[in-house]
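Hey, can you work out the whole structure from these sequences and the hints?
In order, the protein sequences belong to chains F and A.
The first sequence begins at 4 in the numbering used here and counts up one residue at a time.
The second sequence begins at 4 in the numbering used here and counts up one residue at a time.
One or more of the hints may lead you astray.
Copies of the same chain look alike in the list, so a pair counts if it works inside one copy or between any two.
[Stated by the list, open to error] Here are the simulated DSSO-like cross-link-like pairs (lysine-lysine), alpha carbons at most 27 Å apart as the crow flies:
no.: 1; residue 1: Lys116; residue 2: Lys256
no.: 2; residue 1: Lys91; residue 2: Lys116
no.: 3; residue 1: Lys167; residue 2: Lys63
no.: 4; residue 1: Lys91; residue 2: Lys256
no.: 5; residue 1: Lys34; residue 2: Lys271
no.: 6; residue 1: Lys91; residue 2: Lys172
Bear in mind the hints are in silico, worked out from the structure with no lab data behind them.
There are 2 protein chains.
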Amino acid sequence: MKGVSMTNINMVTVAGGGVLGSQIAYQSAFKGKKVTVYDINDEAVAAAEERVRNLRDLYKRDINATDEQFDAGLNNLSYSSDLAEAVKDADLVIEAIPEKPSIKHDFYRSLAKAAPEKTIFASNSSTYVPSTFAEDTGRPDKFLNMHFANQIWRMNTAEIMGTKQTDPKVFDLIVDYAKEIGMVPIVLKKEQPGYVLNTLLIPLLNAAAYLWGHDIADPQTVDKTWMIGTGAPMGPFAIFDVVGLRTALNITKEQQGDNPDYKPFMEKIQKMMDEGRNGKDSGQGFYTYPDPAFDRPDFLKA
Amino acid sequence: MKGVSMTNINMVTVAGGGVLGSQIAYQSAFKGKKVTVYDINDEAVAAAEERVRNLRDLYKRDINATDEQFDAGLNNLSYSSDLAEAVKDADLVIEAIPEKPSIKHDFYRSLAKAAPEKTIFASNSSTYVPSTFAEDTGRPDKFLNMHFANQIWRMNTAEIMGTKQTDPKVFDLIVDYAKEIGMVPIVLKKEQPGYVLNTLLIPLLNAAAYLWGHDIADPQTVDKTWMIGTGAPMGPFAIFDVVGLRTALNITKEQQGDNPDYKPFMEKIQKMMDEGRNGKDSGQGFYTYPDPAFDRPDFLKA
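Put into structure tokens, the structure is as follows:
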């Protein structure tokens, strides 16, 4: 098959060294891939390097990595703000740049010219299905989405979604790559906005938003019901705290607009944010952190 | 307050000795309440007695009850097919009769005449909000829903939902009663079809049904994604197996009718049922029981 390497993917460029880009790059390097982080200028590159360095304590804490293991990962990483240089030997470019269509269209058009013919492109976009950008890539058969979760080293799913034009052999190579870097590949057989996880999660969160928004049940009551009823370690409002209230508000606004079913929820969330309760990262949301009530043994008892 | 006992509820009649009625009755008796099981004739009463006797092994296995403790519960139980006799001293009648509106309307009209003025009525209905039957009771201020889950001794929630006419003191007495019989009371402040748990669960199950129905993702992929992404012990398709495929099909039919989004799901479920795969109780559903794949340690690893 023309231009597609059937051997493993070893040389990888991650475009965009933000929160998720830096994690994707480091996790790949940690698992032995040769990784270049590309970002738009030296300042952005320096910020990416800083983000990667800050992963050390998390890898040590969460997956018991040793300093030696972490350093071996660092040795597989290089950085560049020159796109042509960054992708010149790449088997795979993983795109993790901002979620703005115009930025992504421009990026893929530049990348199409800069990258060798063999290079597979994968977008980490959480919002856009791959057909949105397939034509920009100049290689729709070698383009698909590969979507990671935050804290990739422990939330280790890679949701993989192609277009009708994606070559099945390319798809399979990406599934293999996901496994090689310690991910559980989540295979989607068709394009689906939200992939699998958000397709499931958002209706649950919306239902919870409705119950609280309309004063039918308290957040803690909702979470308790979910935890007892399904055995889950946290309920929807604890998940809102993890997601962050601003993100929850933005997603609800975008998806629900002026839908009166969700207006009370959005107003209540805004009020919490006005009080500085922005979710887990702010120490206050529906629960107080650390040691939130839902983690205490008595939470499910009364 | 006229006619409402402000002391604890001790004398309880459970109307309907089916699967859930027998569990509600026995759990109440196990926790020291004096309970009468009412059913429509001697045959139905005998079947209820048999169901209660069969709970022994489950209480021993799941909550380490001793034979002595189980027997003490049995001693608090009596049975009757005479409604007037069964409710004559009742502080509370819990109705767990078939989910047919005409049957329930008739029952509440008869009960209204047979029960003392003081008696509180609570419906275990999973489908109908309490205002549906409030007028039939002749005492809308002493009527509300109290909804239990199957396997009440371990899935110990009681979802409590009044109407605008329900006396808050009656509501509080029922919350206390729920606690006294070992339940976690789930308080709803307004009527909501599906209470809290099904309001949350059904959108999640529908989303999963959509993903599989439209061949976007396999059941095991969906479940794996949910388990890794939320830490839950089972995913939506494992829940379908517990619910039973016939029930899942009936609920989807009732709620979605001819909605093309859910038609492929319903056809696929029907095909599974035609093959004898009816869910966990049949040993085969989306998984094979016992020892389903999702319970194995490698399920989340690849």
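Checked hints:
1. Proximity of Lys116 and Lys256 under a CA criterion of 27 Å is satisfied in neither setting, with 37 Å inside one chain copy and 52 Å between copies.
2. Taking identical chains as interchangeable, the C-alpha atoms of Lys91 and Lys116 lie at most 27 Å apart only when both belong to the same chain, with a minimum of 11 Å there against 87 Å between chains.
3. Proximity of Lys167 to Lys63 under the C-alpha cut-off of 27 Å is found in neither arrangement, the shortest distances being 41 Å within a copy and 55 Å between copies.
4. In the homo-oligomer, the alpha carbons of Lys91 and Lys256 never lie at most 27 Å apart, since the shortest distance is 41 Å inside one protomer and 55 Å across protomers.
5. With identical chains, the CA atoms of Lys34 and Lys271 are never at most 27 Å apart, being 44 Å at best within one copy and 40 Å at best between copies.
6. With identical chains, the CA atoms of Lys91 and Lys172 are at most 27 Å apart within one copy only, with a shortest distance of 22 Å there and 75 Å across copies.
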